[in-house]
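**Q** Spelled out from the first residue to the last, the chains are:
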Amino acid sequence: MTAKKELQVRAIKNGTVIDHIPADLLFKVINILELDKCSTSVTIGNNYKSDILGKKGIIKISEKFFEAEEINKISLIAPNVKFNIIKDYQVVEKSVVEAPNNVEGIVKCMNPKCITNVEEVYTKFKVMSSSPITLKCHYCEKITDHKNITIK
Amino acid sequence: MDNRSLVSIDDYTKEEILEVLNRAAEFEKNPNSNILEGKVISSLFFEPSTRTRLSFETAISRMGGKIVGFTDASSSSTSKGETLNDTIKMVSNYSDLIVMRHPIEGSARWASEVSDVPVINAGDGANQHPTQTMLDLYSILKTQGTLENLNIFMVGDLKYGRTVHSLLMALSHFNPTFHFIAPVELEIPRAYKIFMDKNKITYHEHTEFNSIINDADILYMTRVQRERFADPLEYEKVKNVYILKNDMLKDTKDNLRILHPLPRVNEIAIDVDANPKAYYFEQALNGVYARQAIIAKALDL
Numbered sequence: 001m002t003a004k005k006e007l008q009v010r011a012i013k014n015g016t017v018i019d020h021i022p023a024d025l026l027f028k029v030i031n032i033l034e035l036d037k038c039s040t041s042v043t044i045g046n047n048y049k050s051d052i053l054g055k056k057g058i059i060k061i062s063e064k065f066f067e068a069e070e071i072n073k074i075s076l077i078a079p080n081v082k083f084n085i086i087k088d089y090q091v092v093e094k095s096v097v098e099a100p101n102n103v104e105g106i107v108k109c110m111n112p113k114c115i116t117n118v119e120e121v122y123t124k125f126k127v128m129s130s131s132p133i134t135l136k137c138h139y140c141e142k143i144t145d146h147k148n149i150t151i152k
Numbered sequence: 001m002d003n004r005s006l007v008s009i010d011d012y013t014k015e016e017i018l019e020v021l022n023r024a025a026e027f028e029k030n031p032n033s034n035i036l037e038g039k040v041i042s043s044l045f046f047e048p049s050t051r052t053r054l055s056f057e058t059a060i061s062r063m064g065g066k067i068v069g070f071t072d073a074s075s076s077s078t079s080k081g082e083t084l085n086d087t088i089k090m091v092s093n094y095s096d097l098i099v100m101r102h103p104i105e106g107s108a109r110w111a112s113e114v115s116d117v118p119v120i121n122a123g124d125g126a127n128q129h130p131t132q133t134m135l136d137l138y139s140i141l142k143t144q145g146t147l148e149n150l151n152i153f154m155v156g157d158l159k160y161g162r163t164v165h166s167l168l169m170a171l172s173h174f175n176p177t178f179h180f181i182a183p184v185e186l187e188i189p190r191a192y193k194i195f196m197d198k199n200k201i202t203y204h205e206h207t208e209f210n211s212i213i214n215d216a217d218i219l220y221m222t223r224v225q226r227e228r229f230a231d232p233l234e235y236e237k238v239k240n241v242y243i244l245k246n247d248m249l250k251d252t253k254d255n256l257r258i259l260h261p262l263p264r265v266n267e268i269a270i271d272v273d274a275n276p277k278a279y280y281f282e283q284a285l286n287g288v289y290a291r292q293a294i295i296a297k298a299l300d301l
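Line by line, the protein sequences give chains A and B. Following our numbering, the numbering of the first sequence begins with 1 at its first residue and continues without gaps. Following our numbering, the numbering of the second sequence begins with 1 at its first residue and continues without gaps.
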């Protein structure tokens, strides 16, 4: 056992702790998980020191447990984010995000001549490769790669 | 969505491709019929494309169908700001089938999802033009007697040419050997090389356009377009390298046929036209039969 470190954010009793979020992506993660619509208490912290990331963000959400599908959306922008499931102050499950097979509605197609960028069309992509993440548009059939992923 | 739509050449399986090509041969024997009697077909050309439109309209007329529609977006309500979604919803109430040409990529897939009747994509920007691919395949089948195990040479703009990409995908069902002849700036995109590697398809790339074509069964020519080059000097260097002249054909195989999606500019010299291996004008006529077969399939006729 390593020595217990001082917690940078107060512990929660039940819920989800999302850790190792690259600091510059924190607000995107908040948007993707639609935490603005969350009714339970949410603690958001950013720019904490991280050995791996330099600066990281943490989100703690009480009484909220995410579906795998929601968690996997995060893989599109930040593949190393960790989700910790907390029950009675203990981490009962840790999961690292995995790329989904299909991505709908979250990502913008990088092709400016794609119908999804011209009319109000819900975007749909097939995931061609998970690392680095590579998406193929269901409509224009062009590839949007990890360098060009923009979250709507 | 109506799954009888034809948006991308990948929408057809190998069996469906062969079924449609057999049907096209039947239409070639008996082009005139009344199988579309009582049917209304919408021909929506949001950008002008005279060749494709006339080919479709000839196909429909020879089958006894009625055509409604427009030939460019300025004579449609798009010019008043109507969305594609609304135009397609309205038109699919009026007609039994929609043939659509649109400058925006992915518009055809979207239309097929909005429409209650099948949609045939007559070109969506730089994306797909599957009826061109079917007429190319029909031309190859007709002149070679088979689609299997052929040596296919593709020349010119292999980077942006959508006809090249779709034909490559369709032929991949038939164990081809590809030779790609293009300037480095216009070589076949990496995505297609990955596709061919995955599917164990043999291909060779060349920058020189010379006697290597003596092995060819099909020579598929495309236009090298000036606007594809960032540097005008680069265009000047390559513009005359990929021109087919009649004397280059003297040692080629007897069964060789030269295809071109047309319009041609200068990439095939005029003296080639008289060579019996030149096939591009017959190829265009084959488009009518291929489109008759595609329409019949879309309507389960």
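Keep in mind that the hints were calculated from the coordinates and are not lab data. All residues carry an ideal CB built from backbone N, CA and C; glycine is no exception. Among these hints, one or two may not hold up.
With a Cα cut of at most 30 Å, we get these calculated DSBU-like pairs of lysine-lysine [claimed, not checked]:
hint, chain 1, residue 1, chain 2, residue 2
1, A, 152, B, 80
2, B, 89, A, 126
3, A, 64, A, 142
4, B, 159, A, 126
5, B, 89, B, 159
6, B, 245, A, 136
7, A, 124, A, 87
8, A, 64, A, 28
9, B, 297, A, 142
Output of the computed footprint for chain B on chain A, the stretches with three or more beta carbons under 8 Å from beta carbons of chain B [as the list claims (entries may be wrong)]:
hint, region
10, 84–90
11, 140–149
**Q** State for each hint whether it applies.
**A** Hint by hint, here is what the structure shows:
{"no.": "1", "hint": "A:152 <-> B:80", "verdict": "holds (28 Å)"}
{"no.": "2", "hint": "B:89 <-> A:126", "verdict": "holds (26 Å)"}
{"no.": "3", "hint": "A:64 <-> A:142", "verdict": "violated (36 Å)"}
{"no.": "4", "hint": "B:159 <-> A:126", "verdict": "holds (23 Å)"}
{"no.": "5", "hint": "B:89 <-> B:159", "verdict": "violated (35 Å)"}
{"no.": "6", "hint": "B:245 <-> A:136", "verdict": "violated (40 Å)"}
{"no.": "7", "hint": "A:124 <-> A:87", "verdict": "violated (35 Å)"}
{"no.": "8", "hint": "A:64 <-> A:28", "verdict": "holds (19 Å)"}
{"no.": "9", "hint": "B:297 <-> A:142", "verdict": "holds (28 Å)"}
{"no.": "10", "hint": "84–90", "verdict": "violated (count 0)"}
{"no.": "11", "hint": "140–149", "verdict": "holds (count 4)"}
When the structure is compared with the earlier hints, violations turn up for hints 3, 5, 6, 7 and 10 and for no others.
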